[in-house]
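If you want the building blocks of each chain, they are given just below.
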Amino acid sequence: MEPESEPASVEVPAGRVLSASELRAARSRSQKLPQRSHGPKDFLPDGSEAQAERLRRCRQELWQLLAEERVERLGSLVAAEWRPEEGFVQLTSPAGKFWQTMGYSEQGQQRLHPEEALYLLECGSIQLFYQDLPLSIQEAYQLLLTEDTLSFLHYQVFSHLKRLGYVVRRFQLSSVLSPYEKQLNLDGYAQCLEDGTGKRKRSSSCRSVNKKAKALQNSLPPMSLAASSPPACDQNNQYPEKPQESSPRKGSGLSFQIQGSSEPCPALSREDVGCGQENDTIQNGAKGAPKARWNFEQISFPNMASDSRHTLLPAPAPELLPANVIGRGTDAESWCQKLNQRKEKLSRRDRDQQASVQQFREDVNADPEVQGCSSWREYKELLQRRQLQKSQPRPPHLWGQSVTPLLNPDKADSPATVLQHISVLQTTHLPDGGYGLLEKSRGLEISFDVYQADAVATFRKNNPGKPYVRMCVSGFDEPVPDLCSLKRLTYQSGDVPLIFALVDHGDISFYSFRDFTLPRDLEH
Amino acid sequence: MLVVEVANGRSLVWGAEAVQALRERLGVGGRTVGALPRGPRQNSRLGLPLLLLPEEARLLAEIGAVTLVSAPRPDPRSHGLALASFKRQQEQSFQEQSSLAAEARETRRQELLEKIAEGQAAKKQKLEQDSGADEGQEAGGSEAPQGSTPGGETTDDGQANGQQEEAGEGSSSSPESSSPPESSSPQPGPSNGVTPLPRSALLIQLATARPRPVKAKPLDWRVQSKDWPHAGRPAHELRYSIYRDLWERGFFLSAAGKFGGDFLVYPGDPLRFHAHYIAQCWAADDPIPLQDLVSAGRLGTSVRKTLLLCSPQPDGKVVYTSLQWASLQ
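Chains H and B are the protein sequences, given in the same order.
Sequential numbering from 1 applies to the first sequence in UniProt numbering.
Sequential numbering from 1 applies to the second sequence in UniProt numbering.
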């Protein structure tokens, strides 16, 4: 192997190619795996013949095992082709038994991810072609395990888990829900939806959904800058009041607290059709007009009580109504006449009961001051005045200084509440606050969903259910993930436990972080 | 001269003879990380490729036992040639396998001939003892073909059973049906030509290593590059000096991440000996925090190995300190 004149290249010798007779002989080799070390190990090498003999035998078996090549019948191999620019492997002959748990269908083709294809190649189930030439395992490792598709460490973890029998799928980011969606139990609903239609292909819709979510997230921040006065919260609260057609589906105007403007986006991302419309309405809301809050003082509600009846109701303005609804004016006189105005005749027992309860109840209307109020505002002012009169003046030596009491005597009912008031650090759980960190997706990511081995018989790729565990892969010399990443990853994982697989030169160890709550002082 | 391909800082050995030479002659073990062909769905014994520590690869290159090369990319120019030679090789293998299968079937039939003849003779005797010779003749005539069809089916080319999956392979079924009438005579002639092996029964080798030679660029481990990012890194240099020193003393080393150290030190081959030491590498002027010392001590005690704190000195020697948990009684 002498270096040649031009950039000194070395000849790499070829691997072993079996002859026809060797191929036939390979079918009848033993299938049993020998023990690694025959008998208990020795403590120190003592140069004895017996030790050397045992060592020689162990080594001999090892070389024999390693030298064996994979020999398969052509009829039992599934042909597959590696597509480097798209990053997947396409099956060119129908898939075998592995199709139940591996691979995905897209555009009428059966496809495999690179790690699945490599694993099946090592098992001897497929024959992988690249430009019509079958790939050896060495070439397949080189071509399929590049940094951008899948790294060597990921493949080691994947194959380790597969050999143990687990069903391992790639992690789907679209299955991550926002806290609002979890509140609404949208995960259960979406599952039914996807099962019901049956046409929704998970992988393609995931990608399109991710793109839309990203587009929306990208478009919101600049819009909130453009709209000077109303913060995003206000905008969202306005939706049910504004006559927008698509708002009923969104329903986010109902009472809940939004932490940031990014929250509605994943909710939007669930609806493919509504997305475009929502985007437009957000833009209209931001750029257009002034906040259209209703001025209740100028809206008069007709009084249909018996004292002064206004029963002629005009048709409502068409812009206030939903799309397909036509309003018309009515005369409610006929309805009012149907009201039963007669006094209720109570039986003697009911009357006695009412009288006994009546003693304890104060009728607000009997108060002359209340009768003097002619509108709600005046009544509220009356209440405030009464409140001020009731409250005692606070002693200035306690409340006038810079240091004021922590608690009122009526608020301190147990030591636990007192301690709660003075606690500086609050208990937090690992997924708390993880949602806000989702945008900062740098560094460690969840790689795989792992399902248990006994679920193989009932495993359905389109509806795999909740994974047993989720896996993050890291090397041993990389630092321990910081709290930010931990929170983000735990949040993404939801209620599925998260496990970190650390690969140290071929050895894989599994670690996980668990939430732990410190015991609290019991209340007396 | 052994050649080891390096990609992205990882050195993989793909040849079984190379692995054997490294381990037996040079005392470098590495770790198998691939699936074993004999049992690809278990984790207790793994197969090729062999993953080498960066220190192991560098040592082998330094002593000149191995040439490190950057893993070569497939060359589009040689693709046409490779494809043509592959197709030729495939056809040749197919022909050879067909002829071998036919030969095997023939020898099998020859072996069974005597048995068939014996069986026929015995039958004849038995039938002559019973009455009703005519029925016996017919029974004898019909049993001979049945006697030969199991013989024909149990040849090594039992792959013909597999051809039931293939629809249009009626060609091999006709030889099966035509052979019984032939072998009903006590001396069947040679089988009707070389029965073609069905394509689906062709045996294919899924090669582990690249089946054709290729040219690759040698890698200089002194220079940092994309394929060898370790050069010049202080952590790597530190570990390497310890590794080299321990190797020269005759120990066998492997990775010890699980034990909280840098290397596991064996007195001999790990196949037959337990590790004696866990080596932790510390730079000469690095202060060791006391907690680390305590945890290292605990670690060694709990796994019954001695902990070695190793430090290279400026003069090139390596100083070792072992930790033992002593009780004060």
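Since the hints were derived computationally from the structure, they do not count as laboratory data.
Fair warning: there could be bad hints in the mix.
Stated by the list, open to error - Calculated lysine-lysine pairs in the BS3-like style (CA-CA distance at most 25 Å, straight line):
hint, chain 1, residue 1, chain 2, residue 2
1, B, K305, B, K258
2, H, K97, H, K461
3, H, K338, H, K411
4, H, K41, B, K305
5, B, K258, H, K41
6, B, K126, B, K115
Keep in mind the model is a prediction, meaning the values are calculated, not measured.
Notebook entry, point to check: Which of the stated hints cannot be reconciled with the structure, identified by number in ascending sequence?
Noted result: Violated hint: only 3; rest satisfied.
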